[in-house]
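Enquirer: Here's the letter readout for the chains.
Protein chains: 4
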Amino acid sequence: MNNWGRWGDDDERGALNLLTPDVVRAAAGTVRDGRVLSLSMPIRGATSNAAAQHVPHLRGRPLPQHFMSVDGADYAAGARAVGGGLRVADDALVVSPHGTTTHMDALCHMWSGDELYNGHPASRVRSYGAARCGIDKALPGVVARGVLLDVPALLGVPRLDAGARIGADTLAACAEPRPGDVAVVRTGWPTAYAEDPDLYWSGQPGLTGDAGRWLAERDVAMVACDNAAISGLNAGQLADEPPEDDLHLTLLWRHGIPIAEMLWLEDLAAAGRRDFLFIAAPLAIEGGTGSPINPLAVL
Amino acid sequence: MNNWGRWGDDDERGALNLLTPDVVRAAAGTVRDGRVLSLSMPIRGATSNAAAQHVPHLRGRPLPQHFMSVDGADYAAGARAVGGGLRVADDALVVSPHGTTTHMDALCHMWSGDELYNGHPASRVRSYGAARCGIDKALPGVVARGVLLDVPALLGVPRLDAGARIGADTLAACAEPRPGDVAVVRTGWPTAYAEDPDLYWSGQPGLTGDAGRWLAERDVAMVACDNAAISGLNAGQLADEPPEDDLHLTLLWRHGIPIAEMLWLEDLAAAGRRDFLFIAAPLAIEGGTGSPINPLAVL
Amino acid sequence: MNNWGRWGDDDERGALNLLTPDVVRAAAGTVRDGRVLSLSMPIRGATSNAAAQHVPHLRGRPLPQHFMSVDGADYAAGARAVGGGLRVADDALVVSPHGTTTHMDALCHMWSGDELYNGHPASRVRSYGAARCGIDKALPGVVARGVLLDVPALLGVPRLDAGARIGADTLAACAEPRPGDVAVVRTGWPTAYAEDPDLYWSGQPGLTGDAGRWLAERDVAMVACDNAAISGLNAGQLADEPPEDDLHLTLLWRHGIPIAEMLWLEDLAAAGRRDFLFIAAPLAIEGGTGSPINPLAVL
Amino acid sequence: MNNWGRWGDDDERGALNLLTPDVVRAAAGTVRDGRVLSLSMPIRGATSNAAAQHVPHLRGRPLPQHFMSVDGADYAAGARAVGGGLRVADDALVVSPHGTTTHMDALCHMWSGDELYNGHPASRVRSYGAARCGIDKALPGVVARGVLLDVPALLGVPRLDAGARIGADTLAACAEPRPGDVAVVRTGWPTAYAEDPDLYWSGQPGLTGDAGRWLAERDVAMVACDNAAISGLNAGQLADEPPEDDLHLTLLWRHGIPIAEMLWLEDLAAAGRRDFLFIAAPLAIEGGTGSPINPLAVL
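Chains as they are written, first to last, in our numbering: chain Z, 6 to 304; chain S, 6 to 304; chain L, 6 to 304; chain H, 6 to 304.
These are computed hints drawn from the structure, not numbers from a lab. A virtual CB, placed ideally from N, CA and C, is assigned to each residue, including glycine. A portion of the hints provided could be inaccurate.
Stretch by stretch, here's where chain H covers chain L in the computed footprint (C-beta under 8 angstroms, at least three residues) [unchecked claim]:
(1) 75 to 81
(2) 84 to 90
(3) 141 to 153
(4) 177 to 184
(5) 225 to 239
(6) 249 to 262
Work out the full structure, taking the sequences as your base and the hints as a guide.
Expert: See the structure below:
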């Protein structure tokens, strides 16, 4: 029989094991206003125009493509309705989430050597998908207290510069996450894209290796950020810390802490709330290395 | 500047306008145990094997395809690590949500005549996507009280038969949704697939036109079901009510009530809870006719 | 600099090395009528209807999907023309060629053990594509004398039965290919699909292991057939010869003879020509395991 | 029954009707050396690296994506062979041909007003594909005499500059095509990409409106070029002739002459042959606006 209600063994879930019923219940208790914010950027289809260029993404990555397999224009052009006058619009999405849109990384997304997080063999991550530590193991998903670490607000700037690196002290000055919290770190960088895509691609602000360790020590359940890689990026769009300081290795691989990247945090920052109910419900892609998500903050 | 925090005009949001801060706050108050359930079926990639056949779907629909663009096996075969020993797995998903996986329908998914819900011109639903009533207009998403209407439990059967049609009286005997609730209707039908795909395809149990009107009169914010079309389906996999009783037309088009289909409700039914915090966070697909979702129930 | 004019080392080209200028020149000399036939079946997009079901394919394989990213209906619905009144239609194709449409197999498509054809390491066939023996190594493509081995014509039947297995003697009774020829074997099986898809899926007629060896001994440059696997298929759509008789292993792996499958040979058979100029120009997919093709016969 | 051998009505085939048996037979007679050249650039998959950037394409267009659904690395990592030790590699291609790779345009690709070439209603070009003048109507394909108009050779330069516009006189000085010929025009522009992608994107050399009319008056069956749009492009990657001089309108729409773009002509130029057997076999994509192709020159 199906066992879809029980998605992953605990040893593949890493920090998501921190999301105990007590933690979830407490998170629900942070809801005060009842206002819901999406922390997602739009998924804009790249087809015969260059529209997708107008959404932040890492240069060179395959952009999402959205196709309508039948639409209202077809009826305007004379297509016959389905039985009884019913008209239907249908579509398809092609998406490689990393670097192209708001998404969550599975623990299998990055590692070093032959073993994934927690000693799972990397050789089980094959063309049919990741049999270990895939995004399906993150189900049901993340329901937790979110804590906003608003670095530009701390520093009194609209957004950080491309070269800015956020240390542990700076994070600590923003807020102190509790075990099981989702640390939501704002750099403001996505707003650079609307000004000038080339500015966006000139690098990205991000966390230092120390900052990553500081978050791991706080036993956060997840780290979410509005930049593309948690760490900063250089002008070649690469994280260039030495391996011991690499944020993906520290969070995903060493500590089993899933991450979410390319969030839109401007509305959340404007709302002035530092803690809230945070929700990320990744798609149940069997063996996926991640999933596009529409993270929610319930204030 | 970007205005991604403000996704849709109220006149394209239909019943989602019922999700006021008061309703959301009350929904959060239904969390008692802190247990989180996914109401999603798995997205299983169809590639060179027939695996995808092993997940419920409507016959003839294009199944999701999941591809790994780099994986652990590549390193086992000698691929060089990225700088500093880092290894990465990356992937892509091709998905047409309707009829293939757990998903949410946008209000633009079905209509009759030349106008979508609320008089929006159907001619604005074109190849670039639905400029009116697309799934992006459903953002931030659905955070509401969920009410389980467990029809098999009422009738004392493990699941309904393919020919069963659920009337308003039956729904009323299950539970009475309040304005702003998400009505979650269980038929048990997905369990037929594991027994025999041909049984699953022999038809589907579902709601009558009266049942749809009864739900609309209750001012629900959304209707979610574990069957593929809210309505029943005949052996040709078609809904065969006359247009005035068509469930999609009644809910999406006449009343602006978004729907979610192909949920997995067996675990929720087993949990024995009739109300809970229901969350559906559709992807921000601009102009999408729907979105794959991983709906959550927080008990 | 680019070296696209020189696609593959000879040791990855197998029997295509037989296509010397002399052979090509002689093949061009077979053109007598100047009539051109396509030996391709249509690529029909599977979208929101079940149309793709109406083209022969192996059940369970991901069917081609064809999407219009902008089309004439959009203009009928009011889309603005590009500058100067220009209107454009654009599209995209998603295709997994094996088992879904007329295609050519690269030598890397099948093997046994750790080595591809000619000892090339199978470990070089990775997620980025086949660095050895990919379809790009078959470029420029196949220009050769084609010889039709029309088995139903020999036997005086419109098409072979699902269980029919074609031995070497039968092939020899049809025609005797010369070195560098393309052996085009007709079973008539695709016509079963139009009658009844379930009949098509009940199995497929095809060659015996001996027949494959007989072709290899004749030094053909390629084997093309209208069935899906050169060999016959059982009701489970599987070739069930022992490995030493497996047609893919004999042709692709042991002898380096590329194959083309799922051709449409009915018009060619009706034309009454046994030799002709045969052309197959696979797409230059770097590292591809095959390519959809539109093979031509010039009579 | 199937009628795949008879793809299109003559009134949707335009200049391809010039390819009579006499013309084809004469074309076959141009084969002298028996050497075959591919005129295709490689299709390079864009996945998790930026490799696809290393192949000429129009900026902003969705690049081809190539995925391996099972590969040799999977076996190296422990995947079990299919029955009898057989190992298989399989893949998928996502391709939008215009502007991304060597391709052929169908007559439905561009038009002005409400009618396609020859008065066919543009409203029949819908999401399900072009019911009129699609690439399937170009089947069986192009088998013709090719004539190379090597403009850089005429001018004694390795390639034309981005701003160069080729007039009718220049074409006439290169060669005089005969009715039914394929005019193959070389600018040399693809070599700019290997030097510097930004140089490639700075514009493109191409034909003037007069040159297009001159070709049409010569009754060519097709025009093929190594640039991306037959016409030149400005720095915005746009053709900027007034509508009456637009090359796509003149060739595809006014005269029904299909075109092929983004060919690789360097090897052909080096071969020193001015006429040859030209073959383009577009995929049989029903309703396609074009097709990726691997054009062949048989010398």
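Enquirer: Going back to the hint list, which numbers does this structure go against?
Expert: 4 and 5
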